[in-house]
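Residue numbers (our numbering), protein chains in the order written: chain A, 1 to 179; chain B, 1 to 448.
Mixed in with the good hints there might be a few duds.
One side only, chain B facing chain A, incomplete, derived with CB under 8 angstroms [what the hints assert, rightly or not]:
(1) D200
(2) D202
(3) I215
(4) F237
Just so you know, these hints were derived from the structure itself, not from any lab.
Keep in mind it's a predicted model, so treat the numbers as computed, not measured.
Every residue, glycine too, gets a C-beta built ideally from N, C-alpha and C.
Each chain, letter by letter, is given below.
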Amino acid sequence: MTRLNAAILLIATLGLAACNNPNRYGAGGAGGAGGAGGLNGISSSGLGDPHNPSSIAYFNQTVGDRVFFAEDKSTLSPEAQTILVAQANWLNKYKEYSILEEGNADERGTEEYNLALGARRAQAVKQFLIDHGVSANRIRTISYGKERPVATCDNESCWSQNRRAVTALTQGGGAPAGS
Amino acid sequence: MTIVRSLAFALGLALAGPAAVFTPAFLSPAQAAPLRLQLTQGVIEPMPYALPTFIADGPAAQQVASSITQVVASDLSGTGLFRQIPASAFIAPVTSFDAPIRFADWKTINAQALITGAVSVQGDKVVVKFRLYDVFSGAPLGDGLQFAGPVAIWRRMAHKVADAVYSRITGESGYFDSRVAYISVSGPKGARVRRLAVMDYDGANPSYLTNGGSIVLAPHFSPDGKSIIYVSYESGFPHVYLMDVATRQQRRLDDQPGTMTFAPRFSPNGQTVIYSLEQAGNTDLFTMNLATGQSTRLTNDPSIDTAPSYSSDGSKIVFESDRSGQQQIYVMPASGGTATRISFGPGKYATPVWSPRGDLIAFTKQDQGRFYIGVMKPDGSDERLLTASFLDEGPTWAPNGRVIMFTREAPGEASLPQIYSVDISGRNLKEVSTQGGASDPSWGPLLP
Numbered sequence: 001m002t003r004l005n006a007a008i009l010l011i012a013t014l015g016l017a018a019c020n021n022p023n024r025y026g027a028g029g030a031g032g033a034g035g036a037g038g039l040n041g042i043s044s045s046g047l048g049d050p051h052n053p054s055s056i057a058y059f060n061q062t063v064g065d066r067v068f069f070a071e072d073k074s075t076l077s078p079e080a081q082t083i084l085v086a087q088a089n090w091l092n093k094y095k096e097y098s099i100l101e102e103g104n105a106d107e108r109g110t111e112e113y114n115l116a117l118g119a120r121r122a123q124a125v126k127q128f129l130i131d132h133g134v135s136a137n138r139i140r141t142i143s144y145g146k147e148r149p150v151a152t153c154d155n156e157s158c159w160s161q162n163r164r165a166v167t168a169l170t171q172g173g174g175a176p177a178g179s
Numbered sequence: 001m002t003i004v005r006s007l008a009f010a011l012g013l014a015l016a017g018p019a020a021v022f023t024p025a026f027l028s029p030a031q032a033a034p035l036r037l038q039l040t041q042g043v044i045e046p047m048p049y050a051l052p053t054f055i056a057d058g059p060a061a062q063q064v065a066s067s068i069t070q071v072v073a074s075d076l077s078g079t080g081l082f083r084q085i086p087a088s089a090f091i092a093p094v095t096s097f098d099a100p101i102r103f104a105d106w107k108t109i110n111a112q113a114l115i116t117g118a119v120s121v122q123g124d125k126v127v128v129k130f131r132l133y134d135v136f137s138g139a140p141l142g143d144g145l146q147f148a149g150p151v152a153i154w155r156r157m158a159h160k161v162a163d164a165v166y167s168r169i170t171g172e173s174g175y176f177d178s179r180v181a182y183i184s185v186s187g188p189k190g191a192r193v194r195r196l197a198v199m200d201y202d203g204a205n206p207s208y209l210t211n212g213g214s215i216v217l218a219p220h221f222s223p224d225g226k227s228i229i230y231v232s233y234e235s236g237f238p239h240v241y242l243m244d245v246a247t248r249q250q251r252r253l254d255d256q257p258g259t260m261t262f263a264p265r266f267s268p269n270g271q272t273v274i275y276s277l278e279q280a281g282n283t284d285l286f287t288m289n290l291a292t293g294q295s296t297r298l299t300n301d302p303s304i305d306t307a308p309s310y311s312s313d314g315s316k317i318v319f320e321s322d323r324s325g326q327q328q329i330y331v332m333p334a335s336g337g338t339a340t341r342i343s344f345g346p347g348k349y350a351t352p353v354w355s356p357r358g359d360l361i362a363f364t365k366q367d368q369g370r371f372y373i374g375v376m377k378p379d380g381s382d383e384r385l386l387t388a389s390f391l392d393e394g395p396t397w398a399p400n401g402r403v404i405m406f407t408r409e410a411p412g413e414a415s416l417p418q419i420y421s422v423d424i425s426g427r428n429l430k431e432v433s434t435q436g437g438a439s440d441p442s443w444g445p446l447l448p
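Using the sequences and the hints, build the whole thing.
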């Protein structure tokens, strides 16, 4: 099997994993269908080999692509800050990736407010990454409000997973395209 | 389309069309109180009415006459204000539109209102005429009316008849001949497909204006019902778009990269759009003049200022802000300036919407894990909660300010959001019948 075929197979497998395990790779996560949302925003980056430290798959699984928030809050917990320091270190090492910071809210709020809250969360992460050396022009933010839950049960165990900011990577310099 | 209204059946009491209110002129001095429902306190006992199937003028009209009668009944009984007396109770059938009314027959079965009608069809054109009677006065209530138009829009003509009946009995304008913009929702919770859609107020005649390829949210009708303003992720990022409903032509309103625009709503004159703009994590309110594209900042606060709505006279704006630490409702002048907080109860208050009558503000309240739709006066007094559930949000007003629609989503992995309506008295809560899931209703104007 050529390396390319192996990579495609791996991507396909990860794609299936994304379907079967939405808690880990939800539609709102890196490499999810329509990464930046909409017809024009579909990311075509492969996730790569999770054992390759420079791959998106490695970033997602080993570094950790997401942080979680308390209800109605956008402050970064010590746990979140630990993950984001690791993200910043990784992003400062592998500068070929651009970053879409996706802010999300749980379903226990109103639509408009949750869009704004998701934006606040994405901005909190963006600012933290900038403060830790990541170039601002690599990062764009987007809010999905409560429109993209990754966990769909009706209690705190799911809501806490949905109150998240996901650092979604695409290959290529600069901030992700689209406006 | 033309709906021609004619006073073809003048009955000697000159009233000015369906907007006319019932006046005591209809009554002889000996009569009891006029046939009139006061909506102020809500109606506990629905008014019984008889609605014999409209007379078909020929076999071609039979089906549409029957259908129109059913829709009129559905409109009237659907308000919770009126109760249809079953035809099986009738003493004698109505066989002619112009025959004299035997009021005794209708009194016997306790009908307070009687509606008779006739339908004729010629080619693709249908003519509907009706009369409304106050049974206990033994007199017509207003003039007979006639509507004519293409057969294809027979439902609208039925709604027009029901609006006229509602208006004459309540003294207020109706809301049946109106449309609702909304978001059609399908697919599982984790992968929803959302389409911008428009339907009749009762869920009939849905049409889909976007294809589901992008997330769409928060549609709002223009005051004339010809345009819809909404949020789409079409560019990859959320922005406000304006669509012409007839041509489906759309354009993005703002053009500021790195920002998110959302929560759009028209001013009462339709010339301005107010919306939220988020930049670097902070959300403030802006307006845009649709003719010039000129935008103006209205708030400048490190809080989330969103869900704005104009007062019916256009002089004020109500919106939600978390500047106090959590979502509360504020009122400020339409040009911006000092905002006054009006919500002070327990919990969070969101999505305030000013009634078209100007007398109330509807809102979403969130407290201790429950969501409520409520109303309060514009100064924040007299708060009343109308509904409660796992998730209720996003009220929108009927054109006459008497009914509210909103989104309700039940718990459960398989549940889809649905649109519900409730009387502002808190009565007559019911689901609007839609194809599949539906959310984000925006009730348009009463159609001309």
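Which of the listed hints are broken here?
Numbers 1 and 2, in rising order.
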